[in-house]
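Chains as they are written, first to last, in my numbering: chain C, 1 to 279; chain G, 280 to 912.
These are computed hints drawn from the structure, not numbers from a lab.
Hints are supplied without guarantee of correctness; some may be wrong.
[Unchecked claim] No farther apart than 20 Å at their CA atoms in a straight line, the calculated lysine to aspartate or glutamate pairs in the EDC-like style are these:
1. C:Lys212 x G:Asp440
2. G:Lys667 x C:Asp209
3. G:Lys636 x G:Glu486
4. C:Lys212 x C:Glu263
5. C:Lys173 x G:Asp362
6. C:Lys92 x G:Asp344
7. C:Lys178 x G:Asp344
8. C:Lys178 x G:Asp878
9. C:Lys212 x C:Asp150
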Amino acid sequence: MTAVALAGTLMVVLMAAGCLGSQPSGSPASPPQQITATGSTTVLPIAEKAREAFEDLYPSTSVLVSGGGSSVGVRAVGEGTADIGMSSRDLKPEETGMYPGLVTHHIADDAVILIVHPENSIESLTLDQVRGIYNGTYTNWNQVGGPDLDIVVVSRDSASGTREFFAEYVMNKEDFTKNQEEFNSNGGVQQKVSQTPGAIGYVGLGYTDGVKPLKVVVNGDPIEPTLENITSKRYPITRPLYMLTNGEPGGAVKEFLDFIMSEEGQQIVASADYIPVQG
Amino acid sequence: MKREEATAVQSGYPGWPGHSWRGPEAPFARRNRHLTDLIVGKLLFIVAVLAILVVFFIIGFLLRDGYQIVLETGIWNFLGGVDWNPAGSPPSFGILPLIVGTILVTALAMAIAVPLSMATAIYIAEIAGPGTKAVVKPAVELLAGIPSVVYGFFGLILLTDWIRILFDRPSGSSWLAGSILLAIMAIPTITSVAEDALSSVPREFREGSLALGATRWQTIRSVIVPGAVSGISAAVILGMGRAIGETMAVLMVTGNAAVIPDPITNVFSPVRTLTGTLGIEMGEVAFGSLHYHALFGVAVVLLAITLAVNGLSRLIIRRMQRTPARSRAPGPLMQAVHGLIPLSLPHRARRRIIHPKTTQKFAFLLISMGVVIVLAALGVILLEIIVKGAGAISLEFLTAPPSDLGRAGGIFPAIVGTLYLVAGALAVALPLGIATAIYLIEYTADTRLTRGIRAAVDLLNGTPSIVFGLFGFAFLVLFLNFGVSLIAGQITLGLMVLPTIIRTTEESLRSIPKSLREGSYALGASKWQTVWRVVLPPALPGIITGAILSIGRAAGETAPIMFTAAVFSSRYLPSSLFEPVMSLPYHLFILTTSVAGADDQKFGTALVLLMMVLSIYLIAILVRHRYNRATVV
Numbered sequence: 001m002t003a004v005a006l007a008g009t010l011m012v013v014l015m016a017a018g019c020l021g022s023q024p025s026g027s028p029a030s031p032p033q034q035i036t037a038t039g040s041t042t043v044l045p046i047a048e049k050a051r052e053a054f055e056d057l058y059p060s061t062s063v064l065v066s067g068g069g070s071s072v073g074v075r076a077v078g079e080g081t082a083d084i085g086m087s088s089r090d091l092k093p094e095e096t097g098m099y100p101g102l103v104t105h106h107i108a109d110d111a112v113i114l115i116v117h118p119e120n121s122i123e124s125l126t127l128d129q130v131r132g133i134y135n136g137t138y139t140n141w142n143q144v145g146g147p148d149l150d151i152v153v154v155s156r157d158s159a160s161g162t163r164e165f166f167a168e169y170v171m172n173k174e175d176f177t178k179n180q181e182e183f184n185s186n187g188g189v190q191q192k193v194s195q196t197p198g199a200i201g202y203v204g205l206g207y208t209d210g211v212k213p214l215k216v217v218v219n220g221d222p223i224e225p226t227l228e229n230i231t232s233k234r235y236p237i238t239r240p241l242y243m244l245t246n247g248e249p250g251g252a253v254k255e256f257l258d259f260i261m262s263e264e265g266q267q268i269v270a271s272a273d274y275i276p277v278q279g
Numbered sequence: 280m281k282r283e284e285a286t287a288v289q290s291g292y293p294g295w296p297g298h299s300w301r302g303p304e305a306p307f308a309r310r311n312r313h314l315t316d317l318i319v320g321k322l323l324f325i326v327a328v329l330a331i332l333v334v335f336f337i338i339g340f341l342l343r344d345g346y347q348i349v350l351e352t353g354i355w356n357f358l359g360g361v362d363w364n365p366a367g368s369p370p371s372f373g374i375l376p377l378i379v380g381t382i383l384v385t386a387l388a389m390a391i392a393v394p395l396s397m398a399t400a401i402y403i404a405e406i407a408g409p410g411t412k413a414v415v416k417p418a419v420e421l422l423a424g425i426p427s428v429v430y431g432f433f434g435l436i437l438l439t440d441w442i443r444i445l446f447d448r449p450s451g452s453s454w455l456a457g458s459i460l461l462a463i464m465a466i467p468t469i470t471s472v473a474e475d476a477l478s479s480v481p482r483e484f485r486e487g488s489l490a491l492g493a494t495r496w497q498t499i500r501s502v503i504v505p506g507a508v509s510g511i512s513a514a515v516i517l518g519m520g521r522a523i524g525e526t527m528a529v530l531m532v533t534g535n536a537a538v539i540p541d542p543i544t545n546v547f548s549p550v551r552t553l554t555g556t557l558g559i560e561m562g563e564v565a566f567g568s569l570h571y572h573a574l575f576g577v578a579v580v581l582l583a584i585t586l587a588v589n590g591l592s593r594l595i596i597r598r599m600q601r602t603p604a605r606s607r608a609p610g611p612l613m614q615a616v617h618g619l620i621p622l623s624l625p626h627r628a629r630r631r632i633i634h635p636k637t638t639q640k641f642a643f644l645l646i647s648m649g650v651v652i653v654l655a656a657l658g659v660i661l662l663e664i665i666v667k668g669a670g671a672i673s674l675e676f677l678t679a680p681p682s683d684l685g686r687a688g689g690i691f692p693a694i695v696g697t698l699y700l701v702a703g704a705l706a707v708a709l710p711l712g713i714a715t716a717i718y719l720i721e722y723t724a725d726t727r728l729t730r731g732i733r734a735a736v737d738l739l740n741g742t743p744s745i746v747f748g749l750f751g752f753a754f755l756v757l758f759l760n761f762g763v764s765l766i767a768g769q770i771t772l773g774l775m776v777l778p779t780i781i782r783t784t785e786e787s788l789r790s791i792p793k794s795l796r797e798g799s800y801a802l803g804a805s806k807w808q809t810v811w812r813v814v815l816p817p818a819l820p821g822i823i824t825g826a827i828l829s830i831g832r833a834a835g836e837t838a839p840i841m842f843t844a845a846v847f848s849s850r851y852l853p854s855s856l857f858e859p860v861m862s863l864p865y866h867l868f869i870l871t872t873s874v875a876g877a878d879d880q881k882f883g884t885a886l887v888l889l890m891m892v893l894s895i896y897l898i899a900i901l902v903r904h905r906y907n908r909a910t911v912v
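Just chain G, same shape as in the assembly (with noise of 0.2 Å):
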């Protein structure tokens, strides 16, 4: 067998080994490098292949349990029923109105979320000056760590309560309440990622459009966003992804009553998402039973769902960039409305109606506004965490075990055991994430197989944490025997942070001008000495900011964890990764759902958690700074 291998090699690559070393030094080298890429170029493709290969996985794992349903009750009395009543008798499982509070929640969320995010990048990326820009950037970056957790807590207590009171309602939880907290929740991932999207437009583009005598708002509609608009399109399926997959927030403030809005626009209608769905029920039902089937059913319609929405957007992004900006025509409707302004405002017909200058400062109003929002939304709860979580901060809450329920003592062990769980997961996400994104944008073509492995990296990003924990407990915890412990929580949560560090990986590379990698070639430089030398060192900024973005979601989930590394309380640190460990997310999650009276330590545990995420951020912070101003030439 070695023999084979080795003849292989030989004739595949005359003159090595046996001939190199009698041949000048030059060439050797030559091949040497030609090897190495050669076996870079294979070990990527190994890596990016696993991306697919895990989706199949988790689809297969999901089929598994879930096509019993299907079989039980019809594909259509499952899809199309109104009734979900699994404890009834009989029970019936019919899923439509899970489907349709999804999608409503989803799409009233995203239609937040959408302008205010986008305002807030364009505020930070073309209108704030560099002092701004220092503190609202991070800012909103920083957002992005606090726990689901958290935010739910904070739905249930002050939002739901808010709409209750505003809108004269018997009930505040609601289709509303749960878009909003939604966008929310999804502003600080579109905005930092079309941040940095708008910030990599070329500076030529901007000064070409300003010496031509555009406005600063001409330049930024006309020019940046369509140029920019591969980015930010990337950075609305991100934060669709985390809309659509949320699931501890969501269930504490929709209400969850499986209804239908009566009218479909009645936003103060109690909802039912599927993930509220997989969240309320999925750890009590009876393990085999009809309804623990029809659960799996109800997360491969999410899959199919997220698939959906997914080749939608590829769809769409594809027909924005063959379509350049400038020659795009204007759409019916604008012309429609071009047409009617003289109609309306005869006198004026022929005069040009508002002066470019007044527009643009009509659109910087509205720009400042959506800022204004944003940050005051984020301040609200962050003040909140703040004021309530400072007084329970202590000494003894850092630094002991906790006692009683977690109503006395501290949550040491928890903090540390968030620590490995976070490192963890990067270390099994970063490497994975950064070689496909490689493989994706320096060693291959627009292939079937990149798509295939894009189609897959999208549907992992919008695979809901809560699948990711199902996926974790019957594959590590049981299939491979690891037991609830530190290292199936480490894979799992790796595997759900893998598509943003992937993304925003392939996001950066692209940025890197094409004139840098032909400068490399053009000295001599292999493609590998080219990707490791050149392309990599300035995607960097890139690069950490999807590791902030990871360590901020890894940090803050509980649904991964819940069933596959966490235990509430523990005196001991593990000193094994097959040991289960303490963890922030889910000792705020049992203090806020299963113990009564220990509000001051579910806000501290909350606070403790931001802080940590905090610290992290600022190091990725102080990196990228020395790094930016290292390389401004």
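If we strip away everything but chain C, and leave its shape as in the complex, we get (with noise of 0.2 Å):
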């Protein structure tokens, strides 16, 4: 008996532990009024940053970011569970065929950026050699001006937007090698070709810490990635960024994109790594 009481003790100190915490005054419970953003992880630095200022301006409000991707974001904002999703790809005709109501605010840019190990003497590549290194003809770097090295190819899983984006635009969707090496966010690539001599992967324009950004070069001149080269859209390999509602936003909704899409709103997403559209 002893032991039921006691095990009926631990239950009770969990719950005290999980449902009675008290709430001190730094953490004050959630003001009446919620907005809802989920979707891209590319996009959510952008959401998280503006929803810092933003709840700074309107104490009424609060904003709830969360990730999953963007078709998580897509599928919340059509279905209502969210009022606004985030995506770093456009539409798909699936997706406009079972929400028709989506309208698509265009709220930043972002920059893919090619990434090697920093001890690797390349500089720089066309994008064909990067399409040729991508479906598998160079294997090694010599064959592209490089070291004598295996290439480790690193790519994003085949639902992501950063890929989908690459696959378009870079290998004109042509297939991938079957041997590169998938993983499911920019982190992960970064960390990947920060500690493999040989690899290579892409990267959105926040991730070239310990790694070495390539030059892309145009009309055989070698465009690095600075800001000022992307944002004038000298360097060739950019993507828009969008949030989504249903229907035209209202109330909060509505004041939360203005407030990305004003003067302060930009100045976070250029402080967050990525482009503004406006200003």
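Join these two chains into a complex; the hints should help.
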């Protein structure tokens, strides 16, 4: 009997820890008005940084941001479980068919950058060479002017918006080599490339710690992926990022989207390592 | 309607309620008890059948979304196709490489984990002194609480790099890396359940064997391990369930190239598992597309493999139980070996070759080596988290909400959110799980129904956590319209840990000697009184072990809450069950995969998560310890 009582005590302690946890003054319960935003992990940093500034401006509104992927975002806003969906790709025909009311808001641009291990002597590649590496034509760096080293091809998963963009823009829809390693995040690709001497990968702008970004040769001219070159579109590999609403937004959702498109909001976009679309 | 029911009750139980008040007091009490028994029995039955219902729900839901891929490509092209290229033009959906990858990674992982876990379990249960045992056992159990994201990150940063350098390969992401990581993850589960089974072998067996002059090793090998074989198999199945269903860690280290290793024994080849495919592609796939249906097809195949593995192991267990260890004839291989020894050593043909004491020394040496390997592997990971995480811990980190994408501020809302989620999951799973186990062990014999329930429980156990997440999203979030919310996450996590609780509770109920129950009945106690007052109390340590394993798992899982309950960050705490929450593993997952330059916070979050599991766990150890002391007669 004591044992049962003890088990009961354990349960009560757990429940107390969980359900009755006191709320310190620093973290009050949610304010009355809530907006939920979910979807692409590429767009998430923008939404997250904008949220912080927005909540300071509008204390009666809280914005709840979560990730999960572009498709989760499209589905969630289409089904009405979120107010804002975030997507790093255009809507698919299946999606516009299922949710005809979706409205896209182009909030920022992102660049896709080719990265290699810092000790790799290669400096630049043409888009044809990149395609050759990713379709399996080139398997050693010395075939594209680099050291004698096996190429380890690192890519994103086949459902990734980044990979889809890469497949269309760089690969011309050619198949990727079957031996490429696939990761489900920019961070994973960056980590892999930073510790594998022969690796090449592609990531968003913010993921260049510990790796070497490559210049891309356009018309015989190697273009470095600097903010300036990307904004002026001289650097060739850029793509749009979207927030989605079901129908035209109103109320707090509209206030939040307007805030992102404002001068302050677009500065936040730049500070999160993305390319502003206005100003 | 009411009257009809009342009549039915009356005719079913003559004398109640119309007559009982007239009769003497004792029969009244007895009838009352019978009624309690009946109601409790029915309630337990309903709860136990719930497990089957949940499985049917999940399968039905997976089939609903998955069957279209088979219509589109044909069953053989889907199962037997060697090309997985959903983004190609035209796309191809052949999952043979994924099936092969899953089998290879799991098989090698179990080949590594089972011997090491058995060595550790035997060491804890039979060899270690009480002082060592008091340290090693909780240490190993605690390690089940390290979140899989942390294992994955460790694997990605250290393990693959070591393999690359050690074996001089261009890349370390490989089948071998996946198997080693899964083995490390499965070891705590297998060890702690197997150890419980070994410890519950009655003392008389040991004493009898030793009294007959057997060495300790002979006793362990021929008496204790065979006596605990059912529990050990349960341990291996639980561990295998964790290995097959693991998503987050595997996809970070196997390279995910959809190729069949060439040759098939090439452990350095990158591979891709079924779960890995779900884990990396599900989040981004377009809802309703062919690729989406293909992924649900993958989930169905995954469940089918789990079912096959469970069926096979059940068959093996039954066969083992049917043949008592003593009468089992040496297998053909052993006979051959015995035949060979005299040939190779002709001058010693008639003499006993190795003294039992020597064998024992050798066996204990091997076991100690196994324990050292396990502790070293786990120690390295733990040290990594503690050393790198300690720098991030501060009062602000523990009490403030995050800012700047988690690069600054703290993780207070995530701590509270995780506590809410775990407490809710236990509130769902403990009553359901314990009730189901009581029903299975105490209320029925081995019928087709109980076998069905057990099969359903095993299947649930093998269901990958990401599938629970998808189920939770489709059923709780969308169908029941809970939205992304605390309650959806709690129920999803509760269902996920349900099989662990059922299995461990069952195992500990089974270890209660029959004589206790018979004694209770002989004293006139009813069934329910017997269960509640006689059987449950001594079974409690086992139930608590199950609850601990569940807390560890629920607190560390990312996949089930990713679509059902979690938000990336919030400066507020939820004020109702229908609001989403922050949680530590999800926070860690986002920091690891999507935020550059938050290394301190990442390891800090992992450390806090670990410490939280540790403190919940400490409470449980204290409870168990007190209980053990109180009942040793």
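Hints, one by one, checked against the model:
1. This hinted pair checks out: Lys212 of chain C and Asp440 of chain G have alpha carbons roughly 19 Å apart, not beyond 20 Å.
2. As the CA atoms of Lys667 of chain G and Asp209 of chain C are separated by approximately 19 Å, the hinted pair is consistent with the 20 Å bound.
3. For the hint linking Lys636 of chain G to Glu486 of chain G, the alpha-carbon distance of about 18 Å falls within 20 Å, and the restraint holds.
4. Distance hint between Lys212 of chain C and Glu263 of chain C is unfulfilled; the C-alpha atoms sit about 32 Å from each other, more than 20 Å.
5. Among the hinted pairs, Lys173 of chain C with Asp362 of chain G is consistent with the structure: their alpha-carbon atoms are about 16 Å apart, no more than 20 Å.
6. Proximity of Lys92 of chain C to Asp344 of chain G is assessed by CA-CA distance (about 18 Å); at most 20 Å being required, the pair is judged to hold.
7. With a C-alpha separation of about 27 Å, the suggested pairing of Lys178 of chain C with Asp344 of chain G is violated against the 20 Å cut-off.
8. The hinted pair formed by Lys178 of chain C and Asp878 of chain G fails the criterion: a straight-line CA distance of about 32 Å is larger than 20 Å.
9. Between Lys212 of chain C and Asp150 of chain C the alpha-carbon distance is near 17 Å, which keeps this suggested pair within the 20 Å criterion.
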